[in-house]
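Could you build all of it, start to finish, from the sequences and the hints given here?
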Amino acid sequence: MTTAVLQDVPDVQEVQSKKGTVFSWPAVRSIQWFIPHVLFVVLLWLIFTPGADDSTPKGAFLAVLAISEAALLFRRNSRSLSDIMAILYLLFIVWEIGTTKVEDVNLILYPSPAKVFAIFASDWQKILDGIRSSMYLLGVGFSSALILGVLLGIVTGSVARLRDSLLPLAKVISPIPPIIYTPYAVAVLPTFEIASIFVIFSSIFWQIYIQVALSVSNIDQKLLDSAKTMNLSATAMFIHVLWPYCLPNIMKTLPLSVANAFMVLTAAEMIGATSGLGYFVRYYADFADYTRVIAGIFLIGIVVSALNYGIAELERKVVRWH
Amino acid sequence: MHKIEISNVSLTYNDDGTVYNALDQMNFSVDPGEFVSIIGSSGCGKSSTLSILAGLREPTEGQYLIDGHVSHGTGRNRGVVFQHYSLFPWMTAEQNIAFGIRQAFPDTTQKEASDIAREYLEKVGLAGFEDKYPYQLSGGMQQRTAIARTLAMQPEILLLDEPFGAIDARNRILLQDLLLDVLGKEKQQKTIVFVTHDVDEAILLSDRILFMDKKHILEEYVVPFSRPRNREQIFQSREYIQMRQALLGCFFRGLQDKIGGEEVVL
Chain A
1 MTTAVLQDVP DVQEVQSKKG TVFSWPAVRS IQWFIPHVLF VVLLWLIFTP
51 GADDSTPKGA FLAVLAISEA ALLFRRNSRS LSDIMAILYL LFIVWEIGTT
101 KVEDVNLILY PSPAKVFAIF ASDWQKILDG IRSSMYLLGV GFSSALILGV
151 LLGIVTGSVA RLRDSLLPLA KVISPIPPII YTPYAVAVLP TFEIASIFVI
201 FSSIFWQIYI QVALSVSNID QKLLDSAKTM NLSATAMFIH VLWPYCLPNI
251 MKTLPLSVAN AFMVLTAAEM IGATSGLGYF VRYYADFADY TRVIAGIFLI
301 GIVVSALNYG IAELERKVVR WH
Chain B
1001 MHKIEISNVS LTYNDDGTVY NALDQMNFSV DPGEFVSIIG SSGCGKSSTL
1051 SILAGLREPT EGQYLIDGHV SHGTGRNRGV VFQHYSLFPW MTAEQNIAFG
1101 IRQAFPDTTQ KEASDIAREY LEKVGLAGFE DKYPYQLSGG MQQRTAIART
1151 LAMQPEILLL DEPFGAIDAR NRILLQDLLL DVLGKEKQQK TIVFVTHDVD
1201 EAILLSDRIL FMDKKHILEE YVVPFSRPRN REQIFQSREY IQMRQALLGC
1251 FFRGLQDKIG GEEVVL
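Protein chains in written order, with the working numbering: chain A, 1 to 322; chain B, 1001 to 1266.
Calculated from the structure, these hints are not laboratory results. No false leads were mixed into what you were given.
Here are the simulated lysine-lysine pairs, DSS-like style, with alpha carbons at most 27 Å apart:
hint, chain 1, residue 1, chain 2, residue 2
1, A, Lys171, A, Lys252
2, A, Lys222, B, Lys1214
3, A, Lys228, B, Lys1132
What follows is the structure, given as structure tokens:
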């Protein structure tokens, strides 16, 4: 007992780690790697046992499962991917059982996973058109907001008088949720296209404008002095000093801005569009085609995630000085 | 003719109605090719003096002449190295220097500027660090790059505002030697104003030392050592010890005045 009391800290840690091996961490680990694959097999078994929905082609759902299983096998060392897939498979299992293995389930309100994924195979043309149309609106609205926000933000931030007058105004206008403009914009502006671009624009512009104006006005005086002593022209100051100075902050707010813009876009599309992702969801909701509604919701999730991934990659490429 | 002449320069800040006096009737001049250090305790106005010389501030009263002409604003004939943030964080060491060269000489192509930049990086012992961003360089390396950039822009006058103030003792010695070495190799003899609070640094580097207190120049010392200088020899000489005593005496006199007065700053 006395030796135990006299043990110093490293020894205690050693004992603890040994204790860990007694409970056999490696065993837990190998089971842990096993879990998603077991769930995958269970899921396959569920799909191929007869149920309420056997008429739907299962190809698309199986393809999705095959791709995720392949990714899992390909990146065998990623514990987080393994956990993510386990959770995903579990959700699929619940979904599959809940829609096909329960008696008297309403297959219109609760479509089976196979049915939802089949939409991606059968409607891919419409889906691509929807993505194209939404991305066009998002692209135009987003890039115009980005360009104007940065330009005006830098000018506002570097002129004290503009900063003191415009920023307070911007802070009043910016918290108004841009979705609120949508009905009015759709009514007033000549085409739906212009209206939704306007709404997307205003959902991002203020954020970027305020962000840039604030960071320019808080720029380190020493950095400015250094630039001044190099006799930079106004354009060089803009392009080589102020713009790169703001860039990391802008990149940080972009994912949030994209999410906001997408929310506004899909909401706008549900009000007045004739194409696009939001339109896709609303159109089929009108026909109570909830299979396509759910597929559309999935699709929007996938598109937003792809956009965010793209932005993160862009940030990694563009901002290399941190 | 003097290269730089400061005559009766005063500088006051107006900070929300409180008028703050940064410089009061200051006079001094620097000859072409001379290395002058301005030394003094914090808040004595030495950095304000440098920012006037750099053209970042205009004197409230008096004027300042370069080559006999009244000077306003920044100019290509002066290059400045600050204690912090001289480099742009988003440019690599080479890009920082090449950018400086292209600002000073707009006709230079990107390729030529990069070549000259690499040359200067080699001069300050940073060959192989061309593609590093400032955050990847130590404080000493950043200052070397800043010095390289300023030299590459080929100003006639070099203004250095405590450039080694944030560098540890060992690296500071290396940088002081490097500065002397690089300056000795430049084709054109630079006129230099060097602001520091380090007595040894001032003696080692300069031809003349101006001691500044109470918003103007109080004392002036000519440094008697010839160039090129040897650190060990200088630090063992009697002249050095005397000069050091005299300069430290200046600091303590100022301190006593402050303790005797209303305001105590330690």
